[in-house]
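Q: Chains as they are written, first to last, in the working numbering: chain B, 1081 to 1384; chain P, 10 to 394; chain W, 2 to 363.
If you're looking for bench data, these hints aren't it; they were derived computationally from the structure. Every value quoted in this text rests on a predicted model; they were computed, and no experiment measured them. For every residue, glycine included, the Cβ atom is placed at its ideal position computed from N, Cα and C. Heads up, some of the hints might be wrong.
One side of the interface only, derived from the structure: several residues of chain P facing chain W at Cβ under 8 Å [as the list claims (entries may be wrong)]:
#1 Ala93
#2 Asp100
#3 Asp299
#4 Gly300
#5 Tyr311
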Amino acid sequence: MSLPVEVMVGAVRGGTSILYAALGETVSERAGVINLGTEGCMLVGALTGYAVTASTGNPWVGVIAGAGAGALLALVHAVLVLSRGANQLATGLVVLFLGLGLTSLFGAAYVGRSINAFTPIAIPGLSSIPGLGDIFFNHDPLTYLSYLAGPAVWWFLYRSRPGLIMRAAGERQEVLAAYGHSPLRTRYLAVIGGGALAGIGGAQLSTAYANAWFENMTQGRGFIAVALVIFAAWHPLRAVGGAYLFGAALALSPALQARGYGFNQFALDAIPYLVTIGVLVVLGRKRAHAAPEGLKKVFEMTGA
Amino acid sequence: MGKRWRRSAGLLAVMGLAVAGCSSNSTPTTTATGGDSAKAPGTGGKAVGFIFVGPKDDYGYNQAAFEGSQDVAKAFPSLKVLTAENVPEDDNATRVMEGMIANGAKIIFATSYGHLDPAKKVAAAHPDVVVIQQGNIATGTIPPNFGTYFGTVYEPVYLAGIAAGKATKTNKLGYVYAFPISQSIDNINAFELGAKSVNPAAKTYVVNTSNWCDPGKQAEAANSLLSQGVDVITQHQDCTATVIKTAEAKGAFTVGYHADASTLAPKGWLTGSQWRWGPLYTEIVQTTIDGKFTGSKFNANYRVGLKTGSNPFVQSPYGPSVSAETKADIDKARAAISAKDGSPFKGPVMSQDGKVLFADGMVPDYAAIEDLKVFVDGVVGKLPS
Amino acid sequence: MSRLAAIDRAKLARGAGRLALAYAGALVLFGAFVMTKGANPVDVYREMWRSTVMNTTSIGQVLVKASPLILAGLAVAVPAKAGLVNVGGEGQVIMGAVAAGGVALALDGTLPGGVMVVVMMLAAAAAGGLWAGLAAVLRLTVRVNEAITTLLLNYVAIDLLLYLIYQPWKDKHGSGQPATRQLAVAARLPLLGTSKVHAGFLIAVVATAVIFGLLRWTSWGFRLRVVGGNAEAARRAGLPVSALLLSAMVVGGALAGLGGMVHFAGAEFKLRPGMTLNFGYIAFLAAWLARHEPVKVAGAAVLLALIAIGGDSLQLDSGLPAAAVNVLMGLVLVAVMGRGQFRAKAPKVMAVPAAQAPAVVS
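Isolated chain B (complex conformation):
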């Protein structure tokens, strides 16, 4: 496999878990709630997905359970933010620590266990296209599903009525209320849905990509997802592209090393964040405009 193809294969392989989490965070932030605890939601999704797969033998059941666990932890966030009026950024971090603690505690029994994991399935025909076949059509089912997830979230947010309501909840909740919709309920659903997607991302990591559970195995991928949403200016399809960009950055180092080159990974790691800041600076006003109104208010709210 040539280097560019291999890096792109790695980008899809390694970017998928981040992609799910970033899509989830996009939905949540579109409704006006940021969840810095996405990392925690991924972790509970990863452990629950792995544990349930171990006990049922069916990775699909595991992924659904992982989504449920991510949603449940996000619910804690939602309750604190939406019903108790606590600060979003702070409660997100609380959710992170809670997820970290719970998963290390209950995950110990699953370290070193074997499960019936997802395996790559080559799609007949498509997988033999040179280059593209390897990059897109020789992956696990959750990766294939992720190809649909981006457009689906886009369609939901921009073409469906519930999506419109959700965006309205993040922009002008008083309008929403005037039309008889409950902004509160909509936001709850968005946060919970976002947590579920992050849970799927975590489960993809544990049941497909790494095929293992280990405490704190997400290693910052949830935080990357949060940064990605900003990078993508709250647009789901750009978030997909961003996830693959991060995936490529992660894949470049081992691909070069396996060919005998030495490499300091960390200079490369910083680039996506610098690019994000650069994009924000260049497109400052425009991008800032893209932020959901409700979210801007969160960022600008001072202490009690």
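Following the hints, position chains P and W against chain B.
A: Below, chains P and W without anything else, positioned relative to chain B:
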């Protein structure tokens, strides 16, 4: 502690016991063990402490050390064994060790490479406590209550390298490591030397993950190696499952590290290296409570290998595909490196760039091997400088 | 006694009662949790109390742990007074440590220890201030939100630290682990008296007092609060809003940078991956728990440090896994944050005066 407090506590305790079955009550052990020389460091304690850098059930390095600590608990029923997991290699380690001393520990095992500095700090602050560190090397004068110990990890890795060299069809072996610490460099070099001893064409491709346990990065590293045609993979990581399962899924062979993980790779498992700390830990504790630590072999940088005793790092069981011929080769090699003039690094050993590291016939000592800062000839990949 | 005072007192008592209830609730929940792990909650709490609170060594360790947290907490509180959200404590702490470490590598041994400490403090404060100031400048010039940039700059700082210690600054004579060489003994923060607490705690206490005084008694502090309350009105009143916002952020960053230096020169002595252990984020929580009141922030930081140190007891005395302390910390925070103090305003609390959003933009 008043009676009233006890009684109200009892109410909750009943609930606790109902769930727990038995609570981990911390009644201190009654007798203080110790030798005649009450002043010798490490004597007169009622507990032994162990700190681990990772979780004690990591299926790897830390779990092995934890199991060793449980062997100590069995061997010395009068001593309480205190364990602390996830102890970072910084000032937190000092704090946890101080806590163990406050709980009556007079012997402390600091089991991670990076625990050396805090371990030294605690030893200096508590001359009556023996602090002993696993894996690193103490430089300068070693205080009377301090020491380091380790097995010669590269011996079983060398033997496993033979199995790898025999098994490969592409003559490409892969090694996933975390950081260029000397232990990893020794292992990579020994692995290549072992493979080359039976298969001169075998090369070892190396990838570092810059992280002791990031399963995502491990998967990527293994996949990169596999796509370069590598068909035997081994590793030096704290958590090992991902690399093994990735290799197994792609039909490659696996050489294990830290633990017997043959169940994770029923088809591709060749052999590996794993820890058995119990006997060494027990010997260290016995020596110390007898008041004989100071001046003993443990009051130094103690290294034990096949030549000098029983190595706590041993070869793992064979997988189904290893032939009788390979096993015979490995037995022969083990006998050779156990001999007085034997070593996996017996010269000639050349570096990657063609320099002579050990001249023909030279048998380097442990220190010389641990001092290597380059890869041997046959390793493909650069060390981060 | 006036009726107003009585109402205030009743309100205060209710608030305190709710807070106590929140803590109690968290402790009961954690107790239930501990039982599922086969330990007796009463024993667990008793042992934790005995070996953490009733033990001078542990108290010293709590103060050591709290020192950088206090400083990083103040780094959140000061900008918050001006209506700014600083999520970048983690990055600013790291930049402070990196600056102190860089100074140590460049000058160690050439200057007397005391001078080195001062130079490191200055460098760390400057680096932290610069890192936060960057976010403020972007906010003031191109309207990029500072919560977003400070968050992104955290990652950049982490990668910069890793880059430096992985190659250029790595101790060539070290073990091969990515870390710098140790700070010379003379350049370390001295211990206070016979205790095991280093002078960093003193720095944190002094900083708390100074910030408290600055915010309460100086016109700078007053103006910050005015800007934080209503920037548009502040501007109409002729206050230099941009300069005030910038100064709040820079002072905050400098405090966090100082926190990084204190951690480096007081406890770590070398730059290492993961050396900050999420200090910035934990401090962010401390600041929110304390509603950005400097003295309370210090108190909250000590409380969180106390819980963290209590985790040792969970392991050593009760045989619980290391992660149990994270659960305890999480439950306490959930309970305290969800105790309903803000409920009267919810969910409207998310809507700030509409005038504010455009007004702070220059």
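Q: Regarding the hint that P/Ala93 lies at the interface with chain W, is the smallest CB-CB distance below 8 Å?
A: Given a least distance of 5 Å, the restraint on P/Ala93 holds.
Q: Can you verify the interface hint for P/Asp299: is its Cβ closer than 8 Å to any Cβ in chain W?
A: violated (26 Å)
Q: With a cut-off of 8 Å on the beta carbons, see whether P/Gly300 makes it to chain W.
A: With a closest approach of 26 Å, the P/Gly300 hint is violated.
Q: Checking hints one by one. Is P/Asp100 an interface residue toward chain W, by the C-beta closer than 8 Å rule?
A: holds (4 Å)
Q: Per the CB criterion, is P/Tyr311 less than 8 Å away from chain W?
A: Cβ of P/Tyr311 sits 17 Å from chain W, so the hint is violated.
In this structure, the hints that do not hold are numbers 3, 4 and 5, in rising order.
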